[in-house]
Amino acid sequence: MKVMNMVQAINDAMDIMLTEDKSVVAYGEDVGVEGGVFRVTEGLQLKHGVNRVFDSPLAESAIAGTALGMAIAGLKPIIEMQFDGFVYPAMNQILSHISRFRNRTRGKFSVPAVIRIPYGGGINALEHHSESPEAYFGHTPGLKVVIPSTPYDAKGLLISAIQDPDPVIFMEPKRIYRAIKQEVPEEKYSIPIGKAKVLQEGEQLTIIAYGAMIREVQKAMVLAKQKDLSIELIDLRSIWPIDRDTIRESVRKTGRVLIVTEAAQSYGPAAELISIVNEEAFLSLEAPPTRLTGHDTVIPLPMGEKYYMISPERIMFEIEKLIRY
Amino acid sequence: MFDKNTLDSYKPTDNKMFSRIDDEGVPLDKNWKPDLSSELILQSYREMLFERTADYMAVSYQRQGRMFTYPPNLGQEAIHIATGMVIKDDDWFVPAFRELGAWLAKGVSLKEIFLYFKGNEDASRFVNAKRMLPVSVPIASQLVHAAGIGYAMNYLDEKAAVFAFVGDGGTSEGDFHEALNFASVWNAPVIFVVQNNQFAISVPLHMQTKSINLAIKGLAYNIPSILVDGNDIFAMHEVIDYARKQAIEGNGPMLIEARTFRMGAHTTSDDPSKYRSKEEEELWAAKDPLKRLKAYITNNKLADLSNEDALIAEYKQKIDKEFEAAEQHPAYKLDDVFTHMYQDMPAELKRQKNNLENFMKDGGVK
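Chains B and U supply the protein sequences, listed in that same order.
Per the working numbering, the very first residue in the first sequence carries number 1; after that it's consecutive.
Per the working numbering, the very first residue in the second sequence carries number 1001; after that it's consecutive.
Isolated chain U, as found in the complex (with noise of 0.2 Å):
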């Protein structure tokens, strides 16, 4: 179990990763038995592959020509899917971009997520997720927020947590400084995970800061932090657990850097094999979070896993029929252009939805 002596005999100075078990999916500690159940672990296995399949999916959505840019989670689920399992309804997300399995288990469906990289704005609206913001792409401006949020959930007393999600780039912005000294001097119950993927696009870790690691920033707001194998979904869970606890008992913040790998591109735009080599993604396939997984399964026999065609085949059509609910989504209307800027639209705006309703009716666009 990780509890506050193993928090509190971890220095994010000695530069040393936490793990549960190595890259077969054997346990490191020999007596070390995990938080979940064996029907959990099963759970968070399928949650993995479902995650994977569904990004799949939307690169390939994408490549057809039927969405715009994408982001890809590939090799990230283990963080997600641990958050998912962790996060309660009461509690609030604010994400980066690419964390898709913990939206998923906060309530957003699929099909929003299509229809906001297909170019609708309805799709934040996020009809049956509770506290969860939208996409923020200026990065990590997103993290004061979440420190705003944490004192709100102070004033009203409410036991709730505060999830706020970065990427490694993001440790380079001030407001990643900001949001960390307002949260601890608050004691603001927000934790802060940083999703160390080891590129900002192009940009390596080794150019982005001189720092040994990215929890060690941490320590100068005076903010419990440390460094978890992203990759192994126990560490993840039992870290991201023990977060949530101390938020909720009003132990403020903690900053938790998850060390990964973006096994895809940074979106579909772009193309790793500019900027990183086949070694590198070799090495970190070896490390990938399901293959692990599926390792430790297979070595516990918890379950029979060597054929899996057919669930994800099951898979595909759910995600299919999500994604031809996006395509079905309502036109979108002129109306939407104007009406959500402001609770009441000024005349001024009115005056101005006007005149491209005057040369609509005149034909508009021929």
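Chain B extracted, bound-state conformation (with noise of 0.2 Å):
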């Protein structure tokens, strides 16, 4: 075991799959020399050479459309979204043909690529570059989606999503990258994707959550406890597919359930998740279902962001109503 951070288990879980199977590459703005704008990739050029840790030109729809052109010619690209507002550009080439490519040729091509993409705000940065854009691709047939919250699970999912024979968009809580450090296992695990974790057992209410948003509910449910509250937290970590089995579970028991996302509301995450609990623990809720995600506005730039960033004390101040209800 190693202690590790986000970024560090990232790094590690490349650097595995780079030595264990040559048809892995690495590409994108800035992931060669500099390693990456977040040093995700540093030292992995100079491990495996320039053919296969690289910077690209700065395009973000050719960055997408040859890691499509790669995978079905044999390899297995890992590219990289520098930004989650970056990604837009690539968003024909991901939507239109690296979801669809298995089917729309029956199987005869599949695109076994990971495009990874930093994501979330709370880091004061420039506009385009704090954005939670995790809706568009779980919306989209054909695609995987996981975010992990810690570095052990980075680790092992990202390693899944490199083994898996289907494109998997891998996002990253950049807010999280530094701020949690772990254990973690030095040789090779891997995650499945599709199962949810139960963080916290509890008894009056169910908060499912992912991302750099677990700890913001960690802190919550440290006030919640001064209360005397009973509280599950569910790290939903695969977007899609999403785990039912482990909502069910928690929901039928506690009977009260909180989505928090940092994504906007409107056709988000959240409202996928109620329509779930809605689907499979309607007679067990004892109180409306209840999402606290971001605001349908542009997220701030950093001096209106704390209107926007959802805070310990605001999913605290939605638990004790929920709890009341």
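No lab work stands behind these hints, which were simulated from the structure alone.
Take these hints with a grain of salt, some might be off.
Heads up, simulated BS3-like pairs for lysine-lysine below, C-alpha to C-alpha not over 27 Å straight-line [to be verified]: (1) 1159(U) x 108(B); (2) 1350(U) x 253(B); (3) 195(B) x 1353(U).
Keep in mind that this is a model prediction, so the values were computed, not measured.
Two independent chains are provided; combine them into the complex using the hints.
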């Protein structure tokens, strides 16, 4: 075991897969010499060579589209979208081709590519650097979408994503890239895509969250514990497919559910999760399934971000409303 | 022979088109000899005639209501057959959608082409065509795939070229420029062929670009680029053959503008009389690639082509058989909708499939 933050854990997963499988390549803007603007790919070019870890020209549509070409020709590309807000030029390639090639060719060609996207706010950044676009990908048939909240999960999920025979959108909560350190096995291990994780068992209320919101919910749960409230926390981990079983079991037990996402509200992941709660646990509900999400606004620049980002106090406010209902 | 010197002395900025024969099939240069044997010349003629016959038949099946929307190839056959004569099994073909003769050469069956335009994804399995990509509907988006395949060919040290097709309208798309740039930076063995057929559905070339030609767009990317007479199979064959050799030898991409004319409609849903004149159509009818090759063959007494009725009747019979095979293809099943989204069907899709199956068991749509 070695203590790692999420940046190191992701780097470690890529290093292991680059070493094990010569068909794995990694590229994107500043991925090579610089090691990425967040240093996630640091040292990988030096170790694995300029043909395997490299800087591409600056064009997200082509970064995604060439990954499709490489994948159908036998490689396993891991590409990086430098920031969440820069993935939009690549949306045509992701939505029109990468997600559809297996179905379009009835399985003759498949696209075992991983698209890494650092995402989310709270880092005092410029516009287009703080977005949460996971709903677009979760809404797109043919993709899998994964978001880890810990270094341990990041490594195991990324290894699964690289080994997956289908395209995986791997979103990295950049706000907690270096905020959490934990012991991570140095050897290879994988965590199945599509399985949520119960981080804390409880009796009165289920909270479902993922990514950087997990840490905020955990801070709220400290406040809740001081008031003797018993809360169950589910880390969704996989945005699509969604783990219905874990959600059903939990909400049938607690009868109350709060979904916390940084992504904007309308048509977002929280709406999907509440639909699932209704389908799976309707008769157990003792309060309306509730969502606490980003607003249907553009995420503000740093001086206004405090009105957008969800604080532990705000989560606690919603917890108390739901418990009292 | 088209060689390095020919290409080095060619400048897209001069806006000259590389041709070998004129509209009457007469060589433009008296000293020129075709790089194809008489046998291959006759074969290429027959293949162009077959493509044209199949294309007519496809339009007629559509008119009979036996097939959905279809994009005719009429007038662009020389580009397709020249490509088909050069492309190898191990080469990749990245189509747009209007390259019928090249598809057939790559090993795609007419049955599959008909099945595709009847509306069944099974068609794009291309059972006997290796390294053949499916139709790409969003314009020019396929070109970046070609650059990626090219990277992989270099990475895997494979001697294979990538043939990537796009139309004149596609040169306005960002992906066209991104693909040229990536292929150039990566020295990828990609042969970009722009079929400039003068119209993007209804929009004429002069509203698409102010460039003096489309080959010139390759210069900024330091890609050898040439404007070729797309209705002259000799010129097309020489250039494509050269481009493939260059690619295989590790000299990177080439851009070929094949100037031609879409003599038919954009698709069977389109009416060209709304946006182009009879005069323009007649001007290009004189440059019909099949007519020009036929004149060359006749001028040089390679064969007597005065009566082709029997040959065309034989082609029609063969084409009808392929269409019948498409009509007899197994019915579209409910499973087909779900099975190929992922290698292993996720539980959520199984659940949704089950919901539909329960409805079908209950009697389905009455």
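**OP:** Sort out whether residue 253(B) lies within 27 Å of residue 1350(U), counting only the CA atoms.
**Re:** Holds - the C-alpha atoms of residue 253(B) and residue 1350(U) are around 26 Å apart, at most 27 Å.
Subject >> Given pair status - residue 108(B), residue 1159(U), alpha carbons within 27 Å >> reply: Roughly 22 Å between the alpha carbons, so the hint for residue 1159(U) and residue 108(B) holds.
Original post:
Can the restraint linking residue 195(B) and residue 1353(U) be considered satisfied, given a maximum Cα separation of 27 Å?
Top reply: holds (21 Å)
Violated hints are absent here; each numbered hint is respected by the structure.
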